[in-house]
Amino acid sequence: MTGTIIENLSGRKLAVLVTFLLLCQLTCFLIGGLVAPMPANAQMMIATVCKDTTTVKNDTTKWFYNRGKGACQNIGLENLHHDLSETDFVFAFQMPLPRENMILDYSRWQQNLIGVLQIDIKYHSLMEIQPRSVITIDARMAYRNKGDPEEQWRLYTRSVEKRNLDCDIEIKSEHHLYNCSAMPLFELGSLFHDYYLLNIRLPIETPDMNSHIGHIHDMSLIVINQNGGFTKVWVSLKSVFFPSIVAILVWFWRRIHMLQRKPVLLEKMLLSLGLALCLLNMPLEYLTLYFDLPFMLLLGDIRQGIFYSMLFSFWLVFAGEHMLIQDTSTQSSLKQYWRHLSAVATGCASLFIFDMCERGMQLRNPFYSIWVTDIGTNLALTFIILAGISTGIYFLFLCYMIWQVFINISHKRQSLPTMCSVRRLHYEGIIYRFKFLMLATLLCAALTIIGFTLGQVAEGQWKWDENIELEYTSAFFTGVYGMWNIYIFALLVLYAPSHKQWPAVEDTSDTQNLSEEIEFTPLQERSSEISSLTSFLKKATID
Amino acid sequence: MDPAVHATLRRKQRRLARENPGVLAAVAKGASMAVAECQHQFKYRRWNCSTRNFLRGKNLFGKIVDRGCRETAFIYAITSAGVTHSVARACAEGSIESCTCDYSHIDRVPHRTRSAAAANVRVWKWGGCSDNIGFGFRFSREFVDTGERGKTLREKMNLHNNEAGRAHVQTEMKQECKCHGMSGSCTVKTCWMRLPSFRSVGDSLKDRFDGASRVMLSKAELETPAQRNEAAPHRVPRKDRYRFQLRPHNPDHKSPGVKDLVYLESSPGFCEKNPRLGIPGTHGRACNDTSIGVDGCDLMCCGRGYKTNTMFVVERCNCTFHWCCEVKCKLCRTEKVVHTCL
Chain U
1 MTGTIIENLS
11 GRKLAVLVTF
21 LLLCQLTCFL
31 IGGLVAPMPA
41 NAQMMIATVC
51 KDTTTVKNDT
61 TKWFYNRGKG
71 ACQNIGLENL
81 HHDLSETDFV
91 FAFQMPLPRE
101 NMILDYSRWQ
111 QNLIGVLQID
121 IKYHSLMEIQ
131 PRSVITIDAR
141 MAYRNKGDPE
151 EQWRLYTRSV
161 EKRNLDCDIE
171 IKSEHHLYNC
181 SAMPLFELGS
191 LFHDYYLLNI
201 RLPIETPDMN
211 SHIGHIHDMS
221 LIVINQNGGF
231 TKVWVSLKSV
241 FFPSIVAILV
251 WFWRRIHMLQ
261 RKPVLLEKML
271 LSLGLALCLL
281 NMPLEYLTLY
291 FDLPFMLLLG
301 DIRQGIFYSM
311 LFSFWLVFAG
321 EHMLIQDTST
331 QSSLKQYWRH
341 LSAVATGCAS
351 LFIFDMCERG
361 MQLRNPFYSI
371 WVTDIGTNLA
381 LTFIILAGIS
391 TGIYFLFLCY
401 MIWQVFINIS
411 HKRQSLPTMC
421 SVRRLHYEGI
431 IYRFKFLMLA
441 TLLCAALTII
451 GFTLGQVAEG
461 QWKWDENIEL
471 EYTSAFFTGV
481 YGMWNIYIFA
491 LLVLYAPSHK
501 QWPAVEDTSD
511 TQNLSEEIEF
521 TPLQERSSEI
531 SSLTSFLKKA
541 TID
Chain B
1 MDPAVHATLR
11 RKQRRLAREN
21 PGVLAAVAKG
31 ASMAVAECQH
41 QFKYRRWNCS
51 TRNFLRGKNL
61 FGKIVDRGCR
71 ETAFIYAITS
81 AGVTHSVARA
91 CAEGSIESCT
101 CDYSHIDRVP
111 HRTRSAAAAN
121 VRVWKWGGCS
131 DNIGFGFRFS
141 REFVDTGERG
151 KTLREKMNLH
161 NNEAGRAHVQ
171 TEMKQECKCH
181 GMSGSCTVKT
191 CWMRLPSFRS
201 VGDSLKDRFD
211 GASRVMLSKA
221 ELETPAQRNE
231 AAPHRVPRKD
241 RYRFQLRPHN
251 PDHKSPGVKD
261 LVYLESSPGF
271 CEKNPRLGIP
281 GTHGRACNDT
291 SIGVDGCDLM
301 CCGRGYKTNT
311 MFVVERCNCT
321 FHWCCEVKCK
331 LCRTEKVVHT
341 CL
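Line by line, the protein sequences are chains U and B. Using full-length UniProt numbering, the letters of the first sequence correspond one by one to residues 1 to 543. Using full-length UniProt numbering, the letters of the second sequence correspond one by one to residues 1 to 342.
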């Protein structure tokens with residue numbers, strides 16, 4: 001890539017552009033912090049223990065719930081009667097909980113629903129939980145919509161699942177509770193219906209099944225859904241970013257096609273980076289308002305994955321193309337970078353396989369979890385570690401390349417004063433371009449990492465002032481999202497080929513030199529065209 | 001609801017029960033939880049938190065409630081903690097439908113009107129509701145603290161202890177989180193508060209009982225009412241009744257914190273039966289002859305001595321439990337030595 005806009009942009013124009021982009025960035029951050037609510041909301045609900053009085057226990061049309069017409073008969077878990085059997089117990093969770101005397105319902109803006117099960121087990125010296133106990137759960141999920149009769153629950157999905165009970169206790173004394181870690185139960189990729197109902201049974205089909213789970217005191221379910229307000233803000237951001245990135249891409253590509261030469265590798269990379277961002281920006285969430293799309297969680301992961309892999313590859317290629325050592329014979333192509341890019345590819349592929357195993361499987365069975373079985377855990381860990389190793393290798397590669405670029409730059413710096421003006425301008429251009437991107441990238445990456453760490457350290461809300469409450473987590477998400485959009489927008493604008501005439505003001509002595517150089521390049525048609533420098537660049541490295 | 005129980009409620013409490021269907025069951029459950037917890041915590045002490053049939057008498061815990069001693073402080077604290085805990089639990093169960101959707105970002109005042117309720121649906125769709133303990137806390141303040149206007153020192157003591165009980169429920173809550181970002185990574189993390197077991201609330205309140213501080217009204221407090229009236233000529237907001245500072249009886253001690261229990265007078269002796277104070281005495285209580293603590297026979301029987309009986313008991317032992325309702329036990333015959341106070 002040669003003569004780009006950034007090299008020919010005056011300092012004032014650049015300052016105006018950068019200020020404008022920074023203002024956009026600030027707006028994104030503030031929209032998240034002041035307008036949007038928390039990204040997700042967790043609601044804790046305690047199971048109502050219902051008595052299953054039916055004789056046919058496997059009937060999936062019979063549902064148990066504690067509110068509304070046809071509510072079940074409650075039984076307490078404190079004093080269990082001996083005439084009851086385990087099939088008579090149904091733990092019912094009716095979602096969402098009522099508030100302010102209103103029956104609330106889920107909105108489709110709330111996108112997804114994640115359920116975490118928490119079991120409180122009472123200590124009994126006679127029935128201690130054995131370590132690594134497995135609990136078998138027969139979970140059935142039903143849904144109902146507004147306007148349906150109150151007893152008309154329809155089966156959504158059912159599954160018999162195993163989960164590991166991970167419990168410990170500090171004070172081993174009667175009636176103290178075990179401290180059991182929460183276990184992920186289900187993930188619904190779409191929240192299409194208005195009401196959901198979860199019925200849980202703990203079956204005993206073999207003598208071993210559910211025999212060492214102790215005395216269950218309470219069962220609670222934590223349901224996490226994305227907040228409607230957050231989705232609205234997020235989708236609005238997307239609706240703004242998507243057309244602007246598409247527009248700038250079209251402009252960028254037209255600009256390249258106006259040139260006399262074929263697009264070089266870096267321009268192609270920029271284009272594909274822009275396309276990947278467009279894919280990420282596409283406000284597909286609108287579709288979930290009208291269609292039941294359970295694959296949205298998976299699709300979101302894939303879209304993010306494609307974007308990150310493109311961004312990582314772009315950085316590699318960018319560093320490589322600014323090595324200042326150009327191959328004379330061929331135009332550089334992706335093949336040269338296969339070793340570096342294979343790290344990115346391995347990382348992405350292993351994360352993709354892991355995601356397909358977890359969220360892909362959840363499309364078929366929302367209760368599925370890869371972490372339950374030992375094989376699954378090992379498999380998942382393998383892929384995650386593989387992805388981690390590839391990321392490490394990638395960053396080593398990248399740092400090595402950037403280090404090389406800096407060495408080359410300092411070499412060239414020393415010889416700069418002795419060069420003729422065209423070549424000097426050319427090298428100065430490359431160095432400037434590289435340094436600008438390095439600075440911008442480092443800034444963005446640093447901000448992302450700092451923001452993330454701050455978010456992990458300080459949970460939830462931040463207060464700067466008594467009256468201004470900043471929703472930090474949301475601000476972080478919109479801020480980072482906006483930042484990478486603005487970053488790529490700026491790249492597309494600033495690294496597009498410039499139409500300006502190559503060095504307009506020249507000394508006579510330099511022009512002499514230039515004509516001298518041009519003799520080496522008899523194939524040039526128009527020396528004023530920027531593309532002429534592409535071939536010139538190759539010559540430059542030879543002498 | 002039993003009309004006899006209903007008759008024991010104050011007018012404001014009846015209104016609260018009417019406005020929040022299902023809440024009385026939760027309050028009753030909370031109260032019985034508090035009694036059970038109190039009796040568990042004081043099983044081995046001279047005062048064992050004995051209760052009477054409260055429909056007949058004035059107070060469930062007897063006349064001890066009218067005094068201002070440590071035990072009174074504990075009773076008040078555990079009761080308000082029980083109500084807070086149980087109401088919050090009922091909210092999570094969905095058995096009280098009027099729990100507030102406390103989304104602190106938008107509204108802090110609980111709404112009562114219809115239009116406000118519609119606004120609450122918007123709040124839920126925009127930012128969600130997650131608050132169970134908040135309603136439990138506020139309801140307990142309204143319900144348990146009825147009648148405690150905080151004017152006299154005794155009322156201030158009650159308010160302080162009630163607040164301490166609620167504070168214990170709130171601070172015993174533990175935060176848990178779930179990561180659900182890209183591919184389940186922790187880029188997005190959502191946290192919630194887990195309601196503590198009532199036993200752990202009881203344990204921490206018992207710790208505060210042992211270190212309770214004796215208080216008197218601070219000098220500054222005696223002067224402030226006049227000042228406050230000047231500063232705020234209109235009605236003093238309700239919340240203000242919780243804004244007071246008690247001064248320790250011993251000036252060398254620190255002034256009591258939010259979670260500390262406070263009392264005004266030293267406890268009566270619980271050794272002998274005292275009908276005037278409603279104390280049953282420790283006659284006939286079981287004690288431990290090897291212990292030198294409060295459950296030991298020396299202290300428990302107040303030096304009156306004890307008798308020792310040896311008896312054979314048939315007990316369940318070596319039990320195996322099977323979910324849900326099957327407990328297989330062997331019956332064991334063991335020799336037990338029981339000491340009882342004279």
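FYI, nobody ran anything at the bench for these hints, they're computed from the structure. Among the hints, erroneous ones may be present.
[Said to hold, decoys possible] Under the rule of at most 20 Å between Cα atoms (straight-line distance), these lysine-lysine pairs were calculated in the PhoX-like manner:
(1) 43/B / 273/B
(2) 172/U / 43/B
(3) 146/U / 174/B
(4) 162/U / 262/U
(5) 206/B / 273/B
(6) 122/U / 172/U
(7) 146/U / 69/U
(8) 63/B / 273/B
(9) 232/U / 307/B
(10) 122/U / 146/U
(11) 146/U / 162/U
(12) 13/U / 435/U
(13) 122/U / 307/B
(14) 268/U / 335/U
(15) 336/B / 307/B
(16) 174/B / 151/B
(17) 178/B / 189/B
(18) 172/U / 29/B
(19) 43/B / 336/B
(20) 122/U / 174/B
(21) 328/B / 122/U
Hint check:
no. : hint          : verdict
1   : 43/B / 273/B  : holds (18 Å)
2   : 172/U / 43/B  : holds (18 Å)
3   : 146/U / 174/B : violated (35 Å)
4   : 162/U / 262/U : violated (58 Å)
5   : 206/B / 273/B : violated (24 Å)
6   : 122/U / 172/U : holds (10 Å)
7   : 146/U / 69/U  : holds (14 Å)
8   : 63/B / 273/B  : holds (13 Å)
9   : 232/U / 307/B : violated (76 Å)
10  : 122/U / 146/U : violated (39 Å)
11  : 146/U / 162/U : violated (33 Å)
12  : 13/U / 435/U  : holds (18 Å)
13  : 122/U / 307/B : violated (36 Å)
14  : 268/U / 335/U : holds (14 Å)
15  : 336/B / 307/B : holds (14 Å)
16  : 174/B / 151/B : violated (35 Å)
17  : 178/B / 189/B : holds (6 Å)
18  : 172/U / 29/B  : violated (25 Å)
19  : 43/B / 336/B  : holds (19 Å)
20  : 122/U / 174/B : holds (18 Å)
21  : 328/B / 122/U : holds (18 Å)
Of the numbered hints stated above, those contradicted by the structure are hints 3, 4, 5, 9, 10, 11, 13, 16, 18, listed in ascending order.
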